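Same order as they appear, the protein sequences are chains A and B.
Note that the first sequence ends on residue 343 in our numbering; no numbers are left out.
Note that the second sequence ends on residue 552 in our numbering; no numbers are left out.
Just so you know, the hints here were simulated from the structure itself, not pulled from any lab data.
It should be emphasised that the depicted structure is a prediction, and the values quoted were computed from it without experimental measurement.
Virtual Cβ for every residue (Gly too), placed ideally from N, Cα, C.
There may be inaccurate statements among the hints.
[Said to hold, decoys possible] Distance windows between CB atoms, simulated:
id: 1; chain 1: A; residue 1: Val161; chain 2: B; residue 2: Ala309; range: 17 to 27 angstroms
id: 2; chain 1: B; residue 1: Met435; chain 2: A; residue 2: Val222; range: 33 to 43 angstroms
id: 3; chain 1: B; residue 1: Pro35; chain 2: A; residue 2: Lys147; range: 23 to 33 angstroms
id: 4; chain 1: B; residue 1: Gly257; chain 2: A; residue 2: Ala332; range: 27 to 37 angstroms
id: 5; chain 1: B; residue 1: Tyr501; chain 2: A; residue 2: Val161; range: 42 to 52 angstroms
id: 6; chain 1: B; residue 1: Ala172; chain 2: A; residue 2: Asn89; range: 36 to 46 angstroms
[Said to hold, decoys possible] Away from chain B, derived, C-beta distances all over 10 angstroms, residues of chain A:
id: 7; residue: His144
id: 8; residue: Trp152
id: 9; residue: Thr153
id: 10; residue: Arg178
id: 11; residue: Leu198
id: 12; residue: Glu199
id: 13; residue: Arg203
id: 14; residue: Phe205
id: 15; residue: Glu209
id: 16; residue: Arg210
id: 17; residue: Lys245
id: 18; residue: Asn281
id: 19; residue: Thr287
id: 20; residue: Arg312
id: 21; residue: Trp320
id: 22; residue: Glu326
[What the hints assert, rightly or not] Stretches of chain A that chain B covers, calculated by requiring three or more beta carbons in the stretch to come under 8 angstroms of a beta carbon on chain B:
id: 23; segment: 119 to 133
id: 24; segment: 136 to 143
id: 25; segment: 164 to 170
id: 26; segment: 212 to 223
id: 27; segment: 254 to 267
id: 28; segment: 301 to 309
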Amino acid sequence: MIRKALAPIAALAAVTSLFFSQGAHAESGWHLLNMRQGVTAISREIYSLHMLIFWVCVVIGIVVFSVMIWSIVTFRKSKGAVPDTTMVHNTKVEIIWTAIPVAILVAMAVPAAKTLVQIEDTRNTELTIKVTGFQWGWQYDYLENGVRFFSRLERKADAARQLGSGVDPNTIPNYLLDVDNPLVVPAGTKVRLLITAADVIHAWWVPDFGMKKDAIPGFVNEMWFNVDEDKTGIYRGQCTELCGRDHAFMPIVVDVRSKEDFQTWLKATAEAQKQAAAPQPAATAHAG
Amino acid sequence: MAQHAPAAAHAHDDHHDHKPHGWRRWVFATNHKDIGTMYLVFAGIMFFVGGLMAMVIRLELFKPGMQFVDPLLFNSMTTMHALFMIFGAVMPAWTGLANWQIPMQIGAPDMALPRLNNFSFWILPFASAILLLTLLVPGGGPAGGWTLYPPLALQTADAFPMTIFAIHLMGVSSILGSINVIVTIMNMRAPGLSLLRMPLFVWSWLITAYLLIAVMPVLAGAVTMLLTDHYFGTTFFTAAGGGDPVMYQHIFWFFGHPEVYILILPAFGVVSEIIPAFARKPIFGYEAMVYAIASIAFLSFIVWAHHMFTVGMPLAGQIFFMLSTMLIAIPTGVKVFNWSATMWKSSMTFEPPMLFALAFLFLFTIGGFSGLMLAIAPADFQYHDTYFVVAHFHYVLVPGAVFSILGAVYYWLPKWTSKMYDHKLAKVHFWLSAIFVNVLFFPQHFLGLAGMPRRIPDYATQFTDWNMVSSIGAFGFGLSQLLFPYIIWKCVRSGAPAPARAWEGAHGLEWELPSPLPYHTWETPPSAAVIARGAEH
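Build the full structure now, drawing on both the sequences and the hints.
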């Protein structure tokens, strides 16, 4: 009977082995088990809160599961265990196991609330960028500098992700996590994002920055991050609020540069955008 | 022997044979057992319909790239998987169990309102059919998530009014079913069976029924506003007309959070019946268990915005909802500790119902731990809308609610059919389910923490390995469930006769009834002596 029950599992194994044979992928993902620490003071604080509550759960789990497992192993009828049917109530024990969780929760709530206060402190920001989510991409608008552009899924990945494209995603670097125009921000600067949406709700999330915020039409949400001075580089994220058919295909890429590099980029981009926006006939006349 | 008196009365009653036969027995059913059976069979079918949708989801997610379905169909699958599992499978399964058990456990002949009972069941197949048919209409099924957040939900094509009508119907069914449960428990308990002598399953359902009556109208209101926004020019949730899309989320989760306890509270009741039976020891802290369920039900009304930490709430709001959510850990902890204490110094055997109850105890606790982690608002900014959340609620709903439903059926099936099922096969069913459910959902914690958003049909390549593991677990879990209808079918067809008290340690009035069960369950109320024997918690 057991063999009969296991037959579908064997069939399943055969089918799955077919799947596996279709090309191994470039980089193993087995080591991806935990939240990343990220590159901002807030993201590290969130990470340590996460680890704290995780270890609290592990310790409680060890205690509770040990009691359960001990009971299951020891108090078996087959081992001649006799039930103590008088054991139905014990006020002292019940008060203890209500009070201990209360204490643990208070101990958790204090640091968590402190972190929340920090996260919500949007004073003294140095650069403001308006982020608008749309179906399906992002628009970035450097409010003080007149630079604005759209950011969408990189073209090769966009072609590969079509149903039955025949392209192996493993051949595309940063599949679904790359865009045509990344958001560029300076390191060591408190950057404020004003987040909204043009059509439906989206959410802007870069795990390395520790924060996500919904982009809601009709609302302007505020969020800030400050990437460590020495942590320049590319950081990737995705839309995290279901926003329709191509929700999976609107990545976020942030290019964090040094303050000087950022200023250079900003000036060049502002100049380029000004020229591109300039009326065409005037340009021709000038050339002529 | 007091319990023989009703049986004798029944034989006489059956002789007159005024009960309907053939298809009339089911279509015009007013007997709580027949209606309970229909609810459970319906829930089983919906479990496989919703399960099939889950298989489509896990098949597409087996590896990166789009292989099988269009992204919009994928979104439909996630949306409808949730709707079918919640409104089609788990809730009707609980109502089915309530129908079977409540009259038996409180010494009543039937439910208080039998025709209402018939109506509340027969709404369901139509509601589900309407919802399923949306897959065939232009534009496909609802694809905005089961939460139907506007403005996205307003982009749904022809499926939109059908989905909302189906939700309304299911809500009506739930409300009517709950009224019946409350009226039955309040009015039809055997004399001498005071509230605090009721079995915990009955208690859990009494509280669940109040939750349902409180929040189903809220859902109905929310989806009706969506409907008028879509078709009648209102702008409740449309910013362009002065509306507020976030208000929908507040209203929805004011329903939605009690709703998740509607799915799990009866499970607490079932586990509190099964563990004492197979531990041969009364439940530890009976009154604390009742108060814990009541506190959880109360708290469920003041935690809703923890589903919305990222919408941009004021700091005070975030702190309030974080603290209120953390409070839930206290009554839930009390329940887990009481179940553990029930097992302490007991004398356990491990028949299939007990195995499912024990798996519930371990795996629901894991779901509770991830719930506690999610309550920490700053950490939730990282967890929110990732696979970590998917792992969390599937741990509480699958090895939580679903395992306890399976355990409940394995516990009471010998009473319902007066036959015993194949224990060996049921244990195979248990072990396959328990192993695969972890293969399926545990890696999703890793995926979420590593940054994989939920509700996506395709993903970055570094998530491949754990997604493959999760999908293999899903296929294994799905296939193992096919054993369940087979075991029941085999039991009904050719099970060995089961004694009236099918389990050595089982207490409760249902086990005082003769097997096979009389047509009208307790035609005369059980005597004080029977109640005293049955009400030993």
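message: Hint by hint, where does the structure go against what was stated? Just the numbers, ascending.
response: 2, 3, 7, 8, 9
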